[in-house]
Structures are given as C-alpha cells and as structure tokens.
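*Asks:* As you go down the protein sequences, you meet chains A, B and C in turn. In terms of our numbering, the first sequence opens at residue 336 and continues consecutively. In terms of our numbering, the second sequence opens at residue 336 and continues consecutively. In terms of our numbering, the third sequence opens at residue 336 and continues consecutively.
It is worth saying that the hints were derived from the structure and are not from the lab. Incorrect hints may appear among the rest.
Simulated DEER-style distance windows between Cβ atoms [to be verified]:
| # | chain 1 | residue 1 | chain 2 | residue 2 | range |
| --- | --- | --- | --- | --- | --- |
| 1 | A | 350 | C | 697 | 34 to 44 Å |
| 2 | A | 452 | B | 471 | 31 to 41 Å |
| 3 | C | 664 | A | 602 | 34 to 44 Å |
| 4 | B | 471 | C | 368 | 46 to 56 Å |
| 5 | C | 455 | B | 402 | 38 to 48 Å |
| 6 | B | 719 | A | 727 | 51 to 61 Å |
| 7 | A | 515 | B | 549 | 48 to 58 Å |
| 8 | B | 649 | A | 727 | 50 to 60 Å |
| 9 | A | 350 | B | 402 | 24 to 34 Å |
| 10 | C | 578 | B | 643 | 52 to 62 Å |
| 11 | A | 602 | B | 402 | 32 to 42 Å |
| 12 | C | 679 | A | 515 | 39 to 49 Å |
| 13 | A | 727 | B | 455 | 48 to 58 Å |
Nothing here was measured: the structure is a model prediction, and the numbers come from that model. Built from N, CA and C at the ideal position, the CB exists for glycine as well.
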Amino acid sequence: IAKVAEDYVPPTKPTFKIGGRVHFDTWDFPSNTPGIGFFENPATGNDPENRWAFRRVRLETSGDAFETMLWRIQVDFADPNDPAIKDVYIGWDELPGNTTVLLGNQKRPLGLDALNSSRFNIFMERPLVVEAFNEDARRLGLCGYSYSDDLVYNWRYGIFNMENVSGTGAYLGDAFQGSGNARLASSPWYDDSSGGRGYYHWAIAGMVANPDGDVLATTPHSNQGRFRTRPEARSSSRWIDTGAIAGADWYEVFALESMLNVGAWNFCGEYQTTWLQRDNGMSDVNFHGGYLQAAYFLTGEHMAYDRKSSTLSRTKPFENFFLVPDCNGNFGTGWGAWQIAARISYLDLSDDNIQGGVETNATLGLNWLWTSHSKMQFNAIYGDISEHRPVGGYTGGNFWVMGCRFMVDF
Amino acid sequence: IAKVAEDYVPPTKPTFKIGGRVHFDTWDFPSNTPGIGFFENPATGNDPENRWAFRRVRLETSGDAFETMLWRIQVDFADPNDPAIKDVYIGWDELPGNTTVLLGNQKRPLGLDALNSSRFNIFMERPLVVEAFNEDARRLGLCGYSYSDDLVYNWRYGIFNMENVSGTGAYLGDAFQGSGNARLASSPWYDDSSGGRGYYHWAIAGMVANPDGDVLATTPHSNQGRFRTRPEARSSSRWIDTGAIAGADWYEVFALESMLNVGAWNFCGEYQTTWLQRDNGMSDVNFHGGYLQAAYFLTGEHMAYDRKSSTLSRTKPFENFFLVPDCNGNFGTGWGAWQIAARISYLDLSDDNIQGGVETNATLGLNWLWTSHSKMQFNAIYGDISEHRPVGGYTGGNFWVMGCRFMVDF
Amino acid sequence: IAKVAEDYVPPTKPTFKIGGRVHFDTWDFPSNTPGIGFFENPATGNDPENRWAFRRVRLETSGDAFETMLWRIQVDFADPNDPAIKDVYIGWDELPGNTTVLLGNQKRPLGLDALNSSRFNIFMERPLVVEAFNEDARRLGLCGYSYSDDLVYNWRYGIFNMENVSGTGAYLGDAFQGSGNARLASSPWYDDSSGGRGYYHWAIAGMVANPDGDVLATTPHSNQGRFRTRPEARSSSRWIDTGAIAGADWYEVFALESMLNVGAWNFCGEYQTTWLQRDNGMSDVNFHGGYLQAAYFLTGEHMAYDRKSSTLSRTKPFENFFLVPDCNGNFGTGWGAWQIAARISYLDLSDDNIQGGVETNATLGLNWLWTSHSKMQFNAIYGDISEHRPVGGYTGGNFWVMGCRFMVDF
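Work out the full structure: start from the sequences and follow the hints.
*Replies:* Structure, rendered in structure tokens:
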C-alpha cells in the first residue's frame, strides 16, 4: 500500500466518461372502443395512430473532479427539434456515512420502477401509478444518497422543485412549489454466493408537496396539482388525467415496494396512495394504485440488482446472440437470453368531483436480450378505463396496444 | 494465431468512437431575373438574400457491441435552436454473406451522390435529380448491406417509411406510407496496384413507393407524393417543386449510375426517372433528370473509392497546406491539393397538370484540400428554370449563384 | 532531438478533446421599487420572479488537424428545447508571427470581461457596459490572433457580421451588417518567478460597426443599432435598453482595460464609450460606462493570467474542499479557496431622444473554490436606474438581487 501511495499521482483535471442509448419503438393500436379515441383526440375522437418513433436518443457525459466531486450531463434527442435534459447535476462524494449529495436535475425518490433505469426495466413503459405520481421523475433539487456499510440499507432524501424543467432548464416563480421526498430501501436477503441470484427487496418512500393550486394567471409558473399518465404505451395524449386541480394546497404520497428474486424468477409489486388537500372549503381527495408483476428467464439468467441504490441492474446473457459463418461454411449461432413477463396494473384518479379516470391494464411481455447492452422488448397490453369525466360523451372504454422496442446502450 | 486467441479478452462493454464535422458556407446571389425572386419569396418577389450560414455542425458517436452489433448517433446543430438527427440506428454485423442489417434512420439506397458523404462530394450541393427523388436521403427503415468476397459487387435493399423525421424523430399514421428500395453496385475494374487510381463503377437502383396521396386532413401524417429541390445552392425556398400531388397512389423510381476514374480525372453521371400513378381518373405523370460531371486534380491526387459501399471515399493530398516559419526566418510552405470540376445538371418536374418546373444548371467548381480532413470548396452556378406553374406571373427565369464552403471533419 | 524526429509518426487523423461545464443558478429578487417591475414586465408591472435555472449546460469538442489546422464546437443546452451554439469555428495555426486565424462563430475582441471565460470571471454576470456594447460577444467572423515572442504584447483583429446567430446558425441579408474589431493588450509587468502572482495588464480595443438602421421591413435581417443589458443578474427582460435606434448608420466603440494583480489582491477596471451616427438629420448620440472592482483571496491564492490572450486563467486552490472519514473514524477536511470581491458598475444609455436608461450597480461577491474546476459564487447587488423612457409611468427605480451559482467544468 505504501508503494501504491508513493506512485500515486493526483489528478490534474476531472475525469470524463461518455455513454448513451438508442431506444426505437413501434406501437400498434389494433382495436379500441370509441371513448379511447376521444381520450386520445378530444377534438375529433379519431383512433390512436400507429407509430414508429425514437423513444430515447440519449447522449451522456459524466466524471469526477478530484475524487470528491462529480458531475453528469444527459441530453435526449428523441424529439430532435426539442432536446430535453435528463440527469444534469453536480455533486459531492465520499462524505461521511457513505454519502453522496447531488444538486441539479435528478430523479425524485419515489417508486422503484421510476428509479430503475429505462435500460433495465422489465416492461417497455412504467406502471400507471408510478408515472402518475412521479411524472417523468426528474426535478431540480438537492438530494442525499447513503448506504450502510453492510449494504443491507440505503436511503435517499431531498427537496425538489415541482416543475418539470426538462424542456426549459429553468423554474420561475416567487411561490416556492417544493416537495420533500425520502426513500428507505433494504435488501435483507441477498445471496452473495450465487452472485445475487436470490434476494428480497423492500422499500418505503414518501413525498410531501406544496403544488400551489391557487397560482395566479399573472405569474409564469403553473399549478402543479395534477396527476396523469399514458396507458403504459406511447399514445399522444395522457388518457387518464385529473387536470390541474383548483385549490390544490398540499399533497402527500406514501409508497411501498417489494421484490423477490429466486433464480430466473422475479416477482415485484408496488402500491402508492396520494392524499390531496384543497382550500376554499373543497373536500380532500385521495388517489391510489399499484401493480404486480412476475418475470421468468427461459434461458436461466436472473434480474441483476444493485444493493447500494436498491434498483435493478444490468443482466448479462449466458450467451450473446450471433449468427456468424465459420471457415467451414457452417454457422456459429448464439441465441441470447429470453425472458417472459406479465403485469397487472391499476390506478384510480377519480375521487369526489375530480374524475381523472380509473384504469386497469394487463400486459404480457417478452424480452430478447441480444447482449448485456442490447435487446428487443415486446409488450401486448389490454386495458380498461372507467369513471372518466365525459369526453365526447364517453366516460370509459377499453383497448389493445402492441409495442416493440429495439434498444442498445453504450 | 493460437497465441492471439489465448490472449484474447472478450469485451465487457461496447466500444465508442466520436467524430463530427463543421461546414461553414457563404452564398451570394449576384443576379437573377424577376421570376427567380418569386420562386424564392412567393409573397414579395424579393431577390434571394446573400447569406453566411453553418451548413453542418454535426457531432456523431458510434461503436460496436460485442462484435456482432453496432450503433450510431449523429446530431446536427447547424440550426442550433432546432437540431436534427441524421444517422441514428442500431445494427447486426457479421451476418452470413458479408451482411450488415441496420434498423433506424439511415440513407435510402437511391443515387450515388446521395450515398456519398457530404465530406467527400465534389460539388457543394447534390444534383437536382438526386435531391428531388431522394430528398434528404435518410428515413426510418430496415436495410441490409452486403458485398461479394471479391469486392466486385455490393448490394443494399430495405423497406422505409417515407416521412422525413429528422426534426421529429417519430412517424404517426395508420396508413403505412412505405417504400422498398434496392441498389446493386459494381466496380468491375479497380486498379489495386496503384491504390485505386483507376476504376470503373456502375450501379442500378430502384424504389417503389406508396405515398398515400389521399391522406385525410384529420390524420397527423401528410401526402408524401411531392418532388422538389433547391437550385444546387442554399436558397431559402425550393425553386422547383411539384407540390403535394393530389391522389398520388404509387410511384416507381429507376436510377442508373456510372463513374470512371483515370488517375487525376474523374467522370461521373447519373440518370433517374420516376413514374407516378394517380387515382380518381387522373393520368399518370413522369419526372426525370440526370447530370454529367468531370473533375481533375491539378496536383495529381485521385478521388478515392470504397468498394464495399461503392461510394466516394477520403482523398489525401500529396502535401498538406501549411505556412510555417522555420528557425532561419524563412517560411516552410505546402500548398495542399487543388481540384477543378464542371457539372451539367437537368431535372424535369413538369408533366400534365403538374408544373413543378424544368431546371438546367451548369456549375464550375474549385476544391482546395488543405488536408485529408479539411478543405475549401467554391462553386459558380448558372441556372435556368422554365415550365414552372406561374408565381407572380412568372413561369421561369435564370440566375447566377456563387458559393464558398469551409469545412473540416474529425 | 534527432531521436525524437526519427520516432515521429505523423498523425493520420485529427485529434479530439471533449469538455464542458454546468452552471446552476438561483436568483432572488427580495425588494425593488415599482418601476423595476415595469422594466421586467412592461405589460403587468409585476415584480421580477425568483428563479432556479441552469445558466450553462455546455458540451464542447475541439482538436487540431495535422498541427496546422484546428476546430472547435460548443453547444449549450441550458435552454434544452432551444440549444445555442457558442464557439464554432475552424482555424489555421502556426502561421508567421505566432498567428492563428479563426473562421466562424467566435468572441469579438471588445472588453476584458467579455473575453474572460465564464469559468474564470470573478463575478457571476458581466458588467453592464461590457454586456451592452458587446452583447453575448460571439459573432460570425474572421479573426486573427497573434502574440509577441516575449509575451509582452498580443493582439487580435477581425471582421464580423453583427447579428447574433447563436440560435439560428445563419445570417441572411444583402446589406452586409459588419464590424471591424481590434484589441491590443499588454502585460508589461509579469512576475514569472512567483508563477504570475504579480502582473500589470492594459489593453485598448475598438470597434467600427455598420448596423443598417434603415433596414427595410421586407428583408429578413434586422436593425443592429441597439444597446441593452440585464442588471448583472438573470432577469427575464433587459432593464435598460435603447431599443433599435432608427436611422443608426455607423457607430464606433473605444475601450480601455487595466488590471493590477499583487498576490492575493486583484484590481481591475474598464471604460467604454460609443458614438453613434444617425441619418435623416437626427443628431449623433453617445453612450458610455465602466466599472471598477477589487478582489482578495482570504486563503492566499491569486487570479491566474494567460499572457498569450491577456485574459484571466484558471486558479488552483492551495487545498481542495473535502470532508472524508479516515479509518480512525475522524474526518479529514480541506476548505478550498475563499475569495471576496466588490464591484461598482455604471452605464449611461440615455442621450438626446434615446432614453435607454442610466444604471449604477454595487456588488459584493464571495467565491468558494472547491477545486480548480468547481466552485460556488455568491453575489449581492444593489442597483439604481434613472433617465429611462417611461414604462408604466416610471423612469427609474432601485432594487436588490441575490444570486448563487454552483459550477463545475471539465
């Protein structure tokens, strides 16, 4: 060690890493009842259009400055004329208690599926409840991240501004529309000897928010008391949506996570409930939802897990996909990893005079991992919406959606 | 070889390369007849404005994942407020028959000058016919690329969506507006012994397209039955333009390429013809055009050629340009490579009741290559337009344009 | 040396470097008189809003091509939906007389604080006069940069187009709206033996500009005879502003710089004056301003200086900031570098019938350098505006602003 210390040359400039991802989607809306057309196109009631689209074209750079600071910039070009920022922050590392503190645009601690990278999630789009209560996840804020020495516990806690600034990079407003978020996660069982093929995960998280539902028309910021989500597919509109809730004063979200992995099997569920208080004598409202899912690797791999952040990590196929001719004119082949999955998802955004809608979705998924950094995902979704405020006279409907994603990250 | 195999360490993550280019243009419109003013500014008839503009400010990243997959992202910032994607794809490599398959935004196989990189083309802007029948070249699609073991033949063939999504990243529409494209290219003569100073190239290509000319106003996609082009210079408007052709049902393009290189001389020509069928009893229409060009390196270099893709490649000057003082107070100088070129170009977009215009251009070009990765291009263009549907009462006109480009790639 | 020459392998492709910066700001407007509300929001007179915002999210690449050429691309994503280009140029290096020539978007030589990098400036935002007479600094142009062998003198001189194209990448217009700019700078005293802890800097610079104040409504370019600036803070509007000055024909700027550094102390001042000639018999007008500032490192460092460009350079703290537990459970700590500063700034944009306003600001600053590449800046500004053309009936006002910036570059 003395030898290493002697040879140690302190860095003279920050380190620099580059990465990115390409996610390319096709979405097909083969059938739906008329109400769905009105939720998608309120003016015309036309069916949702099929589409080919880049979902993520993301470039990112990150590094650390002199071992005790770090930074990260992610820009997404999936909508090329209007890029968006994702993670953009600076931070302090190696603080007492295995702590890192980040300042800037980063994910709010709320919902396992929101914290999982889009590179690793089992389904193409996040569950209804996770998207609705933590829309697009990232906000400007200051957040601390710590873990216990034995890796059994980790926690994160921060204050955030509520406005999504991925397109503008700025929040303007004298009324601080803030939230406090915290999450405590644990992996009490983690089978190190098998490289993490067995583990149990639980977490609790909460959010207390001040959405300023009495925002004045003359100020540049907007009422942040609104919950909405797409149907776990890339529709143009968000089909269930409370709209901005007039008089939204404070709201609180409570969230539970649980995940069990046994070899090739992974079982996961989350539940979240939100209480929202309104002023001007309007009654309080409650919205809530959850999901349950199971996944199984036909080829025997397992969903990798990161104990320091308590999120999913990168799965490496036992054998990559390839089809290469050898010198005898035969083909060498590898078939990659194959995973099947099913999810039931539920969200109730209707209470009192707020009729955002109630949605239940069932999804079948198939993932074909070509390599540890590239895969194909296929999802077939059947969904049902009810208790929606009438649009074109319709308060509900049901639909089928098929999605296919081709993705690589680097 | 056994030794190498022993030492072989399989990669654990994708490789990563970075590059880009800067093209900076000045364009001068010294004289034109009044009709040209109306083609440029239909409302006012004002002369085309001179301009200084970035033509390309492009950053790109690419790499391969575990040798059998690859990916590429190119983003262009020449219009900084509205970036555009160029190549964005993922792919599979080392498939049987020297085959690569790419999925994503990529060039449609149609027209040699469209497939040549803008870094290597002899003239500043592509010929009328190539731009009109393969506007901006790149589309969402799935395309295979193969070559024969002896490099004499290569071919590419794919299906593409017809909408240019460089600004939006997405195609929405239930009517699949698709095309099938294919190109077979060959270099039957290629003088390996001189490093490719002599070669003969030919290719045939075709496209069958379904532009959906009966698109309804209520759907988000648009009629793709339209052919148009700028005057081989960066005007604000496209001066000849069929407009969206009502009832355009199907169209077929047939394209021929031929190129002969003898030392410092390069001769190249292409011809393309398009038949378009309209429904509702309207007669079919035909548009066609071509160009012939010759180029000569005064300093003796030759236009490099890539036999695997049958496109132009990077020319390296015998001596770079430099002007550096030595220790005796004299100047060391190098003059780079100098190339002169001429092109005649023709395009007829007028047939039946579609009066897009007929244009004939003559261009003189001078290229000064400072290094293999940087050069200056100068073009002087005289053009004549006729048979254009009347704009401000004018059906034609003629014009002079001078352009100068400064470029580097890396 | 002969050995080195023998081993020398000429490069086969350009070199490539990557870097960037993140600047994240909070701005607080705790008090102001009503006139300030109208300068910020002319329609409503509302107070300036507090804000959290990315000020710079910049990625840059640069390199040299074969030792005699160079290039650079900087793109800023602080407003993610509308990126902006900063430095984008190609250039020729190693020319006689220690000369480099750059072509493209680059800073006009006018004003020390404008030429200093935003990474190194002592205050968060540039002085009133520097911003008003060289708004956003960068323009399309051709500019030469030279220095004397003894480093005592350096000079730069160029021609530029006057339109700010950071958002569009292009200038359109037959009237060449150009300027000629030049700056001669010197460091007659520079204490090499202490690593530059003592130096004296002076410079003179000038600009002659043709803003085309008679621009017609039918041409795409606009009258460039306009001077304006924010209050040395990130307000939404520019509070003093001449507006586009009708008939602005030519203007001339003359600028003086002076800076003295003695160990931890730095003293700096600039003065600029602008004469503008109007046609149509309107009288000429004059605008002018300046600033004085002093800064002191409590921890003893000094403001580094680059003699080849005569601008501020990177300061390295004696000790980085860190708070790291050691193996005994104690904390190792380092406190970084601390600097205090004060600035008085003045700008008069009111003359004859042009009543842009007169502003005087006093700023106190505190800089906490965590490392050589990261720091925090805090500014408290008191300002007073008068002689402004009436807005909402107000011709002046005063205000307090507090700003805090967190920044890292890499």
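*Asks:* Between the beta carbons of residue 664 (chain C) and residue 602 (chain A), is the distance compatible with 34 to 44 Å?
*Replies:* About 40 Å separates the Cβ atoms of residue 664 (chain C) and residue 602 (chain A), which means 34 to 44 Å holds.
*Asks:* Is the distance from the Cβ of residue 471 (chain B) to the Cβ of residue 368 (chain C) consistent with 46 to 56 Å?
*Replies:* holds, 54 Å
*Asks:* Is 51 to 61 Å right for how far apart the beta carbons of residue 719 (chain B) and residue 727 (chain A) are?
*Replies:* holds, 55 Å
*Asks:* Tell me if the beta carbons of residue 649 (chain B) and residue 727 (chain A) are separated by a distance inside 50 to 60 Å.
*Replies:* Roughly 59 Å apart at Cβ, these two residues keep to the hinted range, so it holds.
*Asks:* Tell me if the beta carbons of residue 452 (chain A) and residue 471 (chain B) are separated by a distance inside 31 to 41 Å.
*Replies:* Since the Cβ atoms of residue 452 (chain A) and residue 471 (chain B) sit about 33 Å apart, the hinted range of 31 to 41 Å holds.
*Asks:* Kindly confirm whether 38 to 48 Å is satisfied by the beta carbon distance between residue 455 (chain C) and residue 402 (chain B).
*Replies:* With a Cβ separation near 45 Å, residue 455 (chain C) and residue 402 (chain B) satisfy 38 to 48 Å, so the hint holds.
*Asks:* Residue 602 (chain A) and residue 402 (chain B), beta-carbon distance inside 32 to 42 Å?
*Replies:* Holds, at about 35 Å.
*Asks:* Take a look at whether the Cβ-Cβ distance between residue 515 (chain A) and residue 549 (chain B) falls inside 48 to 58 Å.
*Replies:* Cβ of residue 515 (chain A) to Cβ of residue 549 (chain B): about 56 Å, so the range 48 to 58 Å holds.
*Asks:* Just to be sure I understand the hint, the distance between the Cβ atoms of residue 679 (chain C) and residue 515 (chain A) should be within 39 to 49 Å; is that true here?
*Replies:* holds, 41 Å
*Asks:* Taking 52 to 62 Å as the stated bounds, is the beta-carbon spacing between residue 578 (chain C) and residue 643 (chain B) within them?
*Replies:* holds, 60 Å
*Asks:* For the hint 24 to 34 Å, verify it against the beta carbon of residue 350 (chain A) and that of residue 402 (chain B).
*Replies:* holds, 27 Å
*Asks:* Does the hinted range 48 to 58 Å hold for residue 727 (chain A) and residue 455 (chain B) at CB?
*Replies:* holds, 55 Å
Violation of the numbered hints given earlier is absent; every hint is satisfied by the structure.
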